[in-house]
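*Asks:* Same order as they appear, the protein sequences are chains Y and L. Numbering-wise (the working numbering), the first sequence opens with residue 1 and increments by one. Numbering-wise (the working numbering), the second sequence opens with residue 1 and increments by one.
For the record, the hints were derived by calculation from the structure and aren't laboratory data. We put the CB at the ideal spot given by N, CA and C, even for glycine. There may be inaccurate statements among the hints.
Stated by the list, open to error - Only some residues are given here: those of chain L computed to face chain Y with a beta carbon under 8 Å:
| hint | residue |
| --- | --- |
| 1 | 48 |
| 2 | 104 |
| 3 | 109 |
As the list claims (entries may be wrong) - Calculated cross-link-like contacts (lysine-lysine; reagent style DSS-like; alpha-carbon spacing at most 30 Å):
| hint | chain 1 | residue 1 | chain 2 | residue 2 |
| --- | --- | --- | --- | --- |
| 4 | L | 57 | L | 71 |
| 5 | Y | 70 | Y | 36 |
| 6 | L | 11 | Y | 36 |
| 7 | Y | 67 | Y | 36 |
| 8 | L | 57 | Y | 67 |
| 9 | Y | 110 | Y | 56 |
| 10 | Y | 67 | Y | 56 |
| 11 | Y | 70 | Y | 56 |
| 12 | Y | 70 | L | 57 |
| 13 | L | 57 | L | 14 |
| 14 | Y | 36 | L | 57 |
| 15 | L | 71 | L | 11 |
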Amino acid sequence: GEDVEQSLFLSVREGDSSVINCTYTDSSSTYLYWYKQEPGAGLQLLTYIFSNMDMKQDQRLTVLLNKKDKHLSLRIADTQTGDSAIYFCAESPNQGGKLIFGQGTELSVKP
Amino acid sequence: DTGVSQNPRHKITKRGQNVTFRCDPISEHNRLYWYRQTLGQGPEFLTYFQNEAQLEKSRLLSDRFSAERPKGSFSTLEIQRTEQGDSAMYLCASSLRGQGFTEAFFGQGTRLTVV
Numbered sequence: 001g002e003d004v005e006q007s008l009f010l011s012v013r014e015g016d017s018s019v020i021n022c023t024y025t026d027s028s029s030t031y032l033y034w035y036k037q038e039p040g041a042g043l044q045l046l047t048y049i050f051s052n053m054d055m056k057q058d059q060r061l062t063v064l065l066n067k068k069d070k071h072l073s074l075r076i077a078d079t080q081t082g083d084s085a086i087y088f089c090a091e092s093p094n095q096g097g098k099l100i101f102g103q104g105t106e107l108s109v110k111p
Numbered sequence: 001d002t003g004v005s006q007n008p009r010h011k012i013t014k015r016g017q018n019v020t021f022r023c024d025p026i027s028e029h030n031r032l033y034w035y036r037q038t039l040g041q042g043p044e045f046l047t048y049f050q051n052e053a054q055l056e057k058s059r060l061l062s063d064r065f066s067a068e069r070p071k072g073s074f075s076t077l078e079i080q081r082t083e084q085g086d087s088a089m090y091l092c093a094s095s096l097r098g099q100g101f102t103e104a105f106f107g108q109g110t111r112l113t114v115v
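Start from the sequences and build out the full structure, keeping to the hints where you can.
*Replies:* Pasting the structure below:
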């Protein structure tokens with residue numbers, strides 16, 4: 001079945017690295033995604049990774065993908081207070097493009 | 001183009017009433033998706049359209065829910081005989097079907113409260 005799981009909370013100090021983890025079930029997903037949701041704002045695509053890649057780096061963001069274990073992680077370097085938000089991992093299990101989201105990880109960044 | 005637009009932003013209704021939400025996607029996008037998000041959860045897929053054709057519906061979409069996209073542009077989601085369990089944020093997203101990666105853009109949602 002389709003299921004995406006994430007830990008619910010993460011608290012870090014400003015300037016530290018944050019690592020948010022996710023496991024998914026559908027090995028046919030071509031792309032895996034990280035979305036950010038801030039209070040009162042819509043979902044914003046942060047980054048994505050193609051399923052045949054192991055790693056993708058985009059400025060302060062690093063995505064690691066372990067297909068064997070169906071494990072995805074998002075590392076945010078030099079975390080800032082503006083990074084405080086809920087982060088969702090998502091997979092896209094078929095060609096229709098629908099997204100299956102995890103329950104979200106609330107990142108709290110303390111000054 | 002200002003992105004995906006949803007109306008209304010908030011709706012409070014009494015149990016048993018019908019409600020209708022509207023989504024205007026990004027103009028050239030041929031795919032349109034509806035999701036529902038409850039507090040503390042991620043968005044759950046409800047249904048999607050490619051142009052005017054409704055191609056997939058989730059098991060979550062009971063027969064009280066109906067969605068349309070009559071001319072392949074805007075879409076409406078109607079909930080009949082609302083129940084308190086329908087209280088949630090209803091999100092719309094749109095994308096352009098093509099080869100390779102395409103990004104889905106989300107609207108800010110319609111928050112439904114059933115009292």
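*Asks:* The structure should be examined with respect to each hint, and the outcome stated for every one.
*Replies:* Results of checking the hints against the structure:
Satisfaction of the interface hint for residue 48 (chain L) is found here, the shortest Cβ-Cβ separation to chain Y being roughly 6 Å, below the 8 Å cut-off. For residue 104 (chain L), the shortest C-beta to C-beta distance to chain Y is roughly 7 Å, which falls under 8 Å, so the interface hint holds. Look at residue 109 (chain L): its Cβ gets to within about 7 Å of chain Y, closer than 8 Å, so that hint holds up. At roughly 19 Å between alpha-carbon atoms, residue 57 (chain L) and residue 71 (chain L) fall within 30 Å of each other, so this suggested pair holds.
With a CA separation close to 21 Å, the supplied pair residue 70 (chain Y) and residue 36 (chain Y) stays within the 30 Å bound. Between the alpha carbons of residue 11 (chain L) and residue 36 (chain Y) the distance comes to roughly 24 Å, so the proposed pair stays at or under 30 Å and holds. For the hint linking residue 67 (chain Y) to residue 36 (chain Y), the alpha-carbon distance of about 23 Å falls within 30 Å, and the restraint holds. Of the pairs offered as hints, the one joining residue 57 (chain L) and residue 67 (chain Y) holds, with about 28 Å between alpha carbons and a cut-off of 30 Å not exceeded.
Note on residue 110 (chain Y) and residue 56 (chain Y): the hinted pairing holds, with a Cα-Cα distance of about 27 Å set against a maximum of 30 Å. Restraint check for residue 67 (chain Y) and residue 56 (chain Y): satisfied, since their Cα atoms lie roughly 14 Å apart, inside the 30 Å limit. About 16 Å separates the Cα atoms of residue 70 (chain Y) and residue 56 (chain Y), which keeps this hinted pair within 30 Å; it holds. Straight-line distance between C-alpha atoms of residue 70 (chain Y) and residue 57 (chain L) comes to about 26 Å, which keeps the hinted pair within the 30 Å bound.
A distance of roughly 26 Å separates the Cα atoms of residue 57 (chain L) and residue 14 (chain L); the hinted pair therefore holds under the 30 Å criterion. With a C-alpha separation of about 25 Å, the suggested pair residue 36 (chain Y) and residue 57 (chain L) falls inside the 30 Å cut-off, and the hint holds. For the suggested pair residue 71 (chain L) and residue 11 (chain L), the alpha carbons sit about 25 Å apart, so the restraint of at most 30 Å is met.
No hint from the list above goes unmet by this structure.
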